[in-house]
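Chain residues, written in single-letter form:
2 protein chains.
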Amino acid sequence: MRSVSIIGIGLTKMGEHWHLSIKDLIAQAGSMAIEDSGIERKQIEAVYAGCMASGRLVGQEHIGAMTADVLGLNPVPATRLEAACASGGVALRNAYMAIASGMYDIVSVNGVEKMTEVSGEDASFALGGAGDQETELFMGATFPALYALMARAHMEEFGTTEEQMAAVSVKNHKNAVHNEYAQFRNEITIEQVMNSGYVASPLKLLDCSPITDGAAAVILCATDVAKKMKLDGKAVEIIASAQASDTLALAHRKNLWETRAAKIAAEDAYRQAGLKPKDISFAELHDCFSVAEIMAIEALGFCKQGEGGKFTEQGNTQIGGTIPTNTSGGLKAFGHAIGSSGVKQAIESYWQLNNMAGKRQVKGAEIGLTHNVGGSGATAVVHLFRKV
Amino acid sequence: MRSVSIIGIGLTKMGEHWHLSIKDLIAQAGSMAIEDSGIERKQIEAVYAGCMASGRLVGQEHIGAMTADVLGLNPVPATRLEAACASGGVALRNAYMAIASGMYDIVSVNGVEKMTEVSGEDASFALGGAGDQETELFMGATFPALYALMARAHMEEFGTTEEQMAAVSVKNHKNAVHNEYAQFRNEITIEQVMNSGYVASPLKLLDCSPITDGAAAVILCATDVAKKMKLDGKAVEIIASAQASDTLALAHRKNLWETRAAKIAAEDAYRQAGLKPKDISFAELHDCFSVAEIMAIEALGFCKQGEGGKFTEQGNTQIGGTIPTNTSGGLKAFGHAIGSSGVKQAIESYWQLNNMAGKRQVKGAEIGLTHNVGGSGATAVVHLFRKV
Numbered sequence: 482m483r484s485v486s487i488i489g490i491g492l493t494k495m496g497e498h499w500h501l502s503i504k505d506l507i508a509q510a511g512s513m514a515i516e517d518s519g520i521e522r523k524q525i526e527a528v529y530a531g532c533m534a535s536g537r538l539v540g541q542e543h544i545g546a547m548t549a550d551v552l553g554l555n556p557v558p559a560t561r562l563e564a565a566c567a568s569g570g571v572a573l574r575n576a577y578m579a580i581a582s583g584m585y586d587i588v589s590v591n592g593v594e595k596m597t598e599v600s601g602e603d604a605s606f607a608l609g610g611a612g613d614q615e616t617e618l619f620m621g622a623t624f625p626a627l628y629a630l631m632a633r634a635h636m637e638e639f640g641t642t643e644e645q646m647a648a649v650s651v652k653n654h655k656n657a658v659h660n661e662y663a664q665f666r667n668e669i670t671i672e673q674v675m676n677s678g679y680v681a682s683p684l685k686l687l688d689c690s691p692i693t694d695g696a697a698a699v700i701l702c703a704t705d706v707a708k709k710m711k712l713d714g715k716a717v718e719i720i721a722s723a724q725a726s727d728t729l730a731l732a733h734r735k736n737l738w739e740t741r742a743a744k745i746a747a748e749d750a751y752r753q754a755g756l757k758p759k760d761i762s763f764a765e766l767h768d769c770f771s772v773a774e775i776m777a778i779e780a781l782g783f784c785k786q787g788e789g790g791k792f793t794e795q796g797n798t799q800i801g802g803t804i805p806t807n808t809s810g811g812l813k814a815f816g817h818a819i820g821s822s823g824v825k826q827a828i829e830s831y832w833q834l835n836n837m838a839g840k841r842q843v844k845g846a847e848i849g850l851t852h853n854v855g856g857s858g859a860t861a862v863v864h865l866f867r868k869v
Numbered sequence: 482m483r484s485v486s487i488i489g490i491g492l493t494k495m496g497e498h499w500h501l502s503i504k505d506l507i508a509q510a511g512s513m514a515i516e517d518s519g520i521e522r523k524q525i526e527a528v529y530a531g532c533m534a535s536g537r538l539v540g541q542e543h544i545g546a547m548t549a550d551v552l553g554l555n556p557v558p559a560t561r562l563e564a565a566c567a568s569g570g571v572a573l574r575n576a577y578m579a580i581a582s583g584m585y586d587i588v589s590v591n592g593v594e595k596m597t598e599v600s601g602e603d604a605s606f607a608l609g610g611a612g613d614q615e616t617e618l619f620m621g622a623t624f625p626a627l628y629a630l631m632a633r634a635h636m637e638e639f640g641t642t643e644e645q646m647a648a649v650s651v652k653n654h655k656n657a658v659h660n661e662y663a664q665f666r667n668e669i670t671i672e673q674v675m676n677s678g679y680v681a682s683p684l685k686l687l688d689c690s691p692i693t694d695g696a697a698a699v700i701l702c703a704t705d706v707a708k709k710m711k712l713d714g715k716a717v718e719i720i721a722s723a724q725a726s727d728t729l730a731l732a733h734r735k736n737l738w739e740t741r742a743a744k745i746a747a748e749d750a751y752r753q754a755g756l757k758p759k760d761i762s763f764a765e766l767h768d769c770f771s772v773a774e775i776m777a778i779e780a781l782g783f784c785k786q787g788e789g790g791k792f793t794e795q796g797n798t799q800i801g802g803t804i805p806t807n808t809s810g811g812l813k814a815f816g817h818a819i820g821s822s823g824v825k826q827a828i829e830s831y832w833q834l835n836n837m838a839g840k841r842q843v844k845g846a847e848i849g850l851t852h853n854v855g856g857s858g859a860t861a862v863v864h865l866f867r868k869v
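Heads up: the sequence lines are chains V and S, in that order. Counting the first sequence from 1 gives a position; the numbering used here is that position plus 481. Counting the second sequence from 1 gives a position; the numbering used here is that position plus 481.
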């Protein structure tokens, strides 16, 4: 398998883009990535597009072909990948595999979601499609309710507190202040989180990631080809790519306080790269809800099982801490345009490893980790990165 | 790149399955394929699931994880691929690439669509997501209307007649009589097609493929591994896998009477295998509408551009003709459970090449071709097969 690197990145600002269609979002991020990489369009051999729920949200499927079309890349093979909220991560992984295998040298990875142009009820129903509609959503659960069950289980099993979960949101908002692409660039306090209304107890409004329009893109290139073509100035190598699955429905899991697929994917990623959790400089985690980041740092081995709440409260995951997490602002404050999130995590890694993250830079960053989760944990994708 | 083969197949009967959920359909076809292949579940290393519009049709995304879950395959990586009506074809292709690259030895390819449990209006809207909703469907076009524009252009440019298009449906119904999995096993006549009501002139009801519930699955295995494990008794090798894209909207094409992506994918497939159109023994084509089969046989080089109507009328595409097409019954009579169709085409090839097609067997079949199209031609996937 060949070494594969990110050689260019593109991103829209996250938020409510009432004046931009899904095509506009794809075009903006995708064109930026092509320009950033220094390649010409005709050098791109394939498109891998991550998108979760465009059918439900904007009435549009066939997002792979649409992406190739709006970026002027026809007739290259263009494919959409979907794994709920991990759609961006699986797009990145399949693109990585296509280059690693020798099939292609240069491909475009695009992630997008246009979420604001539906009624609140429809967006909620669309997001429910990440879980098991038949046994969960049709029975009255909303998606926040599923994570609320996990949060409650974690609290019961390990004594995790609502304040500890709130600390995740506070940290991520603090980081997002310094990210010009973030949806929310305001700091918040523990008190504000605690006083925000319950969405699904114990999760409150400020424990939940928002509804977001946005797109992200990276250009991947075989590392040897990038070097030969002098495209490797800012190249960041993908040194591990792992994915695992778990039951779709929460009710079929052994317990609700751990994410088994994330553990398995992380172990595989560490094995691929010959690294351990202590070797990771920073991590972009899937904090769709605050409790999800706490479960993630446990699954990834940054702290012991059950100690994620305390670990967060003690400041270990802040910039300057032992393992800075979600320096981008995370899904909570950066925003969560679903199909783009797994791609945007790779972009934050690219920025951090190129020492381009400005006021949120992790000093001496050498190895980055991204963790992208689909649904309530039925898909997990873990990537590891280092500077070429 | 390693040789990859199909070592087992599974299929549901196509039709209106009011008593079967999308999970049931996946489980039925997927389990049959595992059993047919002779492997154990634990040998499967990844799942590639093709599905177009489950979000819109049954409110469910995350079809990759769902497939792994209902087949008892957790925690393997499980990914859904979507390219509108070519979703099954791209799932097959990505699974093929994953084995060819050396990443995996054995993977499950699953295709599904549950289409009947929505109102007519919703199914129509969902299918419209294969085209360009913004400029086509939201402006009043239905999906049959897009193909009607192509049919009209083909008639104007080449003198193709409605009777010639009707001959496609008549042939495909005739073939489906002998396929126990087919949705419609009744013969029809040119007169019946001509007298059926217009859906979008010149296309009539009997020019159109139906709304179908169904699933299909194949187990892919590295050919050398299959031989070593003695799983190659009925193995059929994938000797070429090609994909291309075109503009999403018809309005952006150079003309409406050819499918450029299919031409490009076919040329690539022939090049990969070192074969020519005359070397093909039979072809499973994407006849979502009768005119689409006529355009397909032209794009694939079985006859000259513009002569597809006459070629069909003369009986060349019948079993016993120069190039038998859609021996399965095609999308028209076999049924078109969208995400499953690209996988089902591979299954018909497996049957034909193993001399298992019964009364619809093509004598001396050596090379099979499948042609799976997304939308009005924005995606085309072409595979070639031969007996190991």
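What the hints contain is simulated information worked out from the structure, not anything from laboratory work. Warning: the hint list may mix true and false statements.
All copies of an identical chain are treated as equivalent in the list; a pair is satisfied when it fits inside any one copy or across any two copies.
What the hints assert, rightly or not - Simulated crosslink set (EDC-like; lysine to aspartate or glutamate; CA at most 20 Å straight-line):
| hint | residue 1 | residue 2 |
| --- | --- | --- |
| 1 | 523 | 749 |
| 2 | 523 | 748 |
| 3 | 868 | 637 |
| 4 | 494 | 603 |
| 5 | 655 | 505 |
Since we're looking at a predicted model, the values are computed, not measured.
These are the hints, each one checked on the structure:
no. : hint        : verdict
1   : 523 <-> 749 : between (35 Å within a copy, 17 Å between copies)
2   : 523 <-> 748 : between (38 Å within a copy, 19 Å between copies)
3   : 868 <-> 637 : neither (41 Å within a copy, 58 Å between copies)
4   : 494 <-> 603 : neither (24 Å within a copy, 33 Å between copies)
5   : 655 <-> 505 : neither (29 Å within a copy, 47 Å between copies)
In summary, the numbered hints that this structure violates are 3, 4, 5.
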